[in-house]
Amino acid sequence: MVQYDTHEHDVLVIGAGGAGLRAAIEASAQGAKVGLVCKSLLGKAHTVMAEGGVAAALANVDDRDNWKVHFADTMRGGQYVNNWRMAELHAKEAPDRVRELEAWGAVFDRTKDGRILQRNFGGHRYPRLAHVGDRTGLEMIRTLQDYGIHKGIDVFMEFTIIGLIKDGARVAGAFAYDRERGLFHLFTARAVVIATGGIGRAYKITSNSWEYTGDGQAMAYDAGADLMDMEFVQFHPTGMVWPLSVAGILVTEGVRGEGGILKNKDGHRFMFDDIPENYRQQTADNEEEGWRYCQGDKNARRPPELLTRDHVARCIVREIKEGRGSPHGGVFLDIAWIKKKIPNAEEHIKRKLPSMYHQFLKLADIDITKVPMEVGPTTHYMMGGIRVDGDSQMSTVPGLFAAGESAAGLHGANRLGGNSLSDLLVFGKRAGEYAAKFAKENGPVAVDQRQIEELGRRALAPFEENSGNHESPYQIQKELQTRMQELVGIVRREDEMNQALELIGELKERAKHVRVEGNRMYNAGWHLSIDLHNLLTVSEAITRAALVRKESRGAHFRDDYPNKDNTLGGFNVVLRKSTEGMKVSMEPLREMPAELKQIIEEQQK
Amino acid sequence: MSSTATFKIWRGDANGGEFRDYQARVDEGMVVLDAVHQIQAEQAPDMAVRWNCKAGKCGSCSSEINGMPKLMCMTRLSDLPLDQPVTVEPMHTFPIIKDLVTDVAWNYRAKKMIKPFSPRPPDAPDGTWRVAQADIERIQEFRKCIECFLCQNVCHVLREHHLEDKFIGPRLLTFTAALEMHPVDIEDRLYDLRKLDGIGYCNITKCCTKVCPEEIHITDNAIIPLKERVVDRFFDPVTRLMRAITGDGKK
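Which chain is which? The protein sequence lines are A and B, in order.
Every position in the first sequence, counted from 1, becomes a number in our numbering once 29 is added.
Every position in the second sequence, counted from 1, becomes a number in our numbering once 14 is added.
Warning: the hint list may mix true and false statements.
[Said to hold, decoys possible] Output of the computed footprint for chain A on chain B, the stretches with three or more beta carbons under 8 Å from beta carbons of chain A:
(1) 41 to 49
(2) 57 to 67
(3) 130 to 141
(4) 177 to 186
[Said to hold, decoys possible] No farther apart than 20 Å at their CA atoms in a straight line, the calculated lysine-lysine pairs in the PhoX-like style are these:
(5) B/K180 / A/K180
(6) A/K579 / A/K612
(7) B/K126 / A/K180
(8) B/K129 / A/K180
[To be verified] Derived Cβ-Cβ restraints for the label pairs, each shown as a range:
(9) A/K507 / B/E32: 23 to 33 Å
(10) A/P473 / B/D35: 51 to 61 Å
(11) B/P139 / A/R380: 30 to 40 Å
FYI, nobody ran anything at the bench for these hints, they're computed from the structure.
Every residue gets a Cβ at the ideal spot worked out from N, C-alpha and C, and that includes glycine.
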C-alpha cells in the first residue's frame, strides 16, 4: 500500500507558467475550488524566459492591423494545418487579454501617446508585439502570479505529477510527489487542466530548462488522450553557440526586430538569397528597405531576417553545412551595425535589448553593441501536443483540458514569435473557464485505488532496482538527447528516424533498470528517473509522426521529401495509445468556413 | 583546454551536513552551475540543486559561492581562482531543505500580505490607461526583479536578526515601491510600510543593492524614497497637524 495525502478540488491545474496561472485565475473567478501544481517555485516556469513580446492586434502602432490580419499571419506561418478555430479565437481575443494584464498591473513599454507599444517580429505583417524591453515573459508571469495569489488558489510549489487518475472514461485527478520530502499526494478533481509546457529536454541543444520533459503530453497520452502534430518541433534560429556550456540559450528574435542582421563568415547577408514564394510580396527587395521597415516606415516591407523561424533556421543550417559558418559553428547576428544608421546606437541597444546585452557580456565576453553575436538553431517549442477542442480546450478525454504549449492546434506547422504568450493568455483563460463549467456540470469522481498503487509502484521502482545491470537516469537522458538531436532534428530522413525508433525502444528497456541512490528527499536523480518515461514517450511520438509526414512543411523538414505535398497538407498526424503500442493515424483537417477562407485570400494580396 | 578543479559543496539537510570535495572537468566558458550539474550526473546523483533557465532570468539557482551570494548560472569559473577549491553552499538566511536547496516559502507568504495593485478607473473608453514612458521607467527598474532572494539573503535584519515577522526585506520593499510608484495605482501602503512591513528596520547599508544580479538600485531608488514618503506622512509636523485637522490619512 502506498501512503499519500489527499487534496480535493473542483479544478486541478498542472503547471504554473502563463497558461496554468491564467487557467487557475479564470477557474477560480468562475467559483471553482482550484489547486495549482507546479514543478518549480512559483514564477520560475518557462514563461519567465520569453523575451520578445506578446502578439495582439491592438493596432496601437499601425492602425492597419486587426484580428483578420493576425489570423491570416498565424495561418500562413503555420502552413495551414493549424486548427483554424483556435487561430480565429486567438486573433480576436488576444487584445482583450493583453489589456486585461495591464489592468492587473503589467507595465508595458509605451507609445508616444501613452498606449502600449508594439514591435515588429517574424511573420507578423505589422508591429504587433506588446513588450517590455526583452523581458516580456517576466512581466507577464509576475503580473499573473501577483494577481493570482490573491484569488484563493491553493498553490503547490515543487510538486510533480506522476500520472493522471481516471474514473471510467473521465479524468478524476492526478497522483504526485512533492520534491521536498518525496512524499506522495493524490489530487482529486472533477476537471484537470494540463499546462505543463514543452518537450525541449528530449534534445541536446535546447532553450528549455530541466522541467520540459513532456510530462503533460505523456500523462494525457497515457490517460487515452490524442496527441497531434508532434512532428512539428520548432528550432528557434538564434540560440547561443558559444561557450559550449551555454549553447542553446535563447537569443530573442527582438534583436532582428530592432534591425539585427544575419551574416555568414564572408560578411554576406545570406537571408536575401532564399525568400519563399508565399512571402516574396511581403519581403524587402534590398537592405535599405529592410532597415526602413525596422524604423517604422509603413511603406517598407520587412527584411528577410524576419521571415518565419522554420525558414530562417534552415537558411542558417545551410550556411553552416556549406562551410560558411562562424568559428564556433553558427552564423553572425549583428545588431552593432546600426550605429552606422542612428546616433547613440549603443544606448539604444542597451535600452531595447537589455537582457541580451547582459547575457552576452556575462556569459560570452561579447559586447553586442560593438561586435556581432554567434548564433545557431536551438530546440525551442513544441507546436504539437494534446489535441483539444478549439473553443473549450477539452482533450479527447472528458474533463481533461490542455492549454499553452502542451496543447496542439493554434500554431500548425510553425509558430510565429509572440504567438505563444498570447496563446497562453487566450487559451489559458478558455481552459480555466470550461474546466470550471465542466466541474459544475459533472458530479464527484470516484478514485480507483489500483491506479494509485500502480503509479506509486512505478515511481518507487528505481529505489528497488537490483537486477545487476542497473542504469543511471542521467546517462539514459544524455543518450536520448544526443541521438534525438542527430536523428530527429532540423533535417530528417526515414532511415535515421527508424534508427531513432530502435534506439528509443532500447532506452525504454534500459529505463526499466534505472537505479537511484539516496532517499526520497529532494533527490534529483529520482526525479529524472520518473521524467524519463515522459521524455521517451514524447520522443517516440515525435519520431512516429515525423516518419509518416512524408513531405516538408513548416518546422518539419524531410531531406528525402523536400517539398510540400498538397494531399498531406490536408491532414494532421494523430497519435493514440493502444494495446499494440503507439497508434498513428492521419486525420483530415476540418473544413474551414467560407468567411475565414476569404480573409486568408484577401490577406494574400 | 580541459583541466580540473575542486568544488567543496555543502551536502546535508536540516539535521546538519558538511562540505564534500568533488573534482570536475573545467572547459572554456563554464559557469558554476555547469560544474554542479556535471558532479550531479557523474558523482552525486541525489544532490539537490534548484535551477531553471540557466541564463540569469529566473532567479532559481541562488547560492553562496566562495562566500559571495550569487546565481550559479551567471558565475563563470574563469572569474574564480581555480587553484583553490571553489566552495558552493546554500543561502544562509533561509532554512535548509537539502544540499543547495533552501526553503524560501516565507518570501511568498510575506508577499501575499502586501496590498495588491489597485488601478484608478481607466482613462479611455476601451478600458485602457494613458501613461508616459517617462513615468514608468523607474518602476520598470524594480520590475526587472527575478526573485532570486539574494537581497533577502544578505540583509542583516533577516540574516542575523531573523526579524521575518516584523520586516519584509529588500525584495518586498522593492515590490511595494513598484506598486506605490505605479502611475495608475491608487492604493495606499504607507501605514503598512511603517507598521507591518517594518521599513524602519532598514538602515541603508546597501548590502542588498550590492548583490542584486539585475543591478537594481534597491536602496537608493526603492527603499529610500519609500522611507521619505513614510517620514513625510507620519513624522512631518505640518502634515501631522493637517491630518489632525482634516482627519485624512490617505495620500
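Hint check results:
1. 41 to 49: holds (count 6)
2. 57 to 67: Satisfied; 9 residues make the cut.
3. 130 to 141: holds (count 6)
4. 177 to 186: violated (count 0)
5. B/K180 / A/K180: violated, 25 Å
6. A/K579 / A/K612: With Cα atoms ~17 Å apart, A/K579 and A/K612 stay inside 20 Å; holds.
7. B/K126 / A/K180: Roughly 11 Å between the alpha carbons, so the hint for B/K126 and A/K180 holds.
8. B/K129 / A/K180: holds, 13 Å
9. A/K507 / B/E32: 23 to 33 Å: Distance hint for A/K507, B/E32 holds at roughly 29 Å.
10. A/P473 / B/D35: 51 to 61 Å: holds, 55 Å
11. B/P139 / A/R380: 30 to 40 Å: 32 Å Cβ-Cβ, so the 30 to 40 Å window holds.
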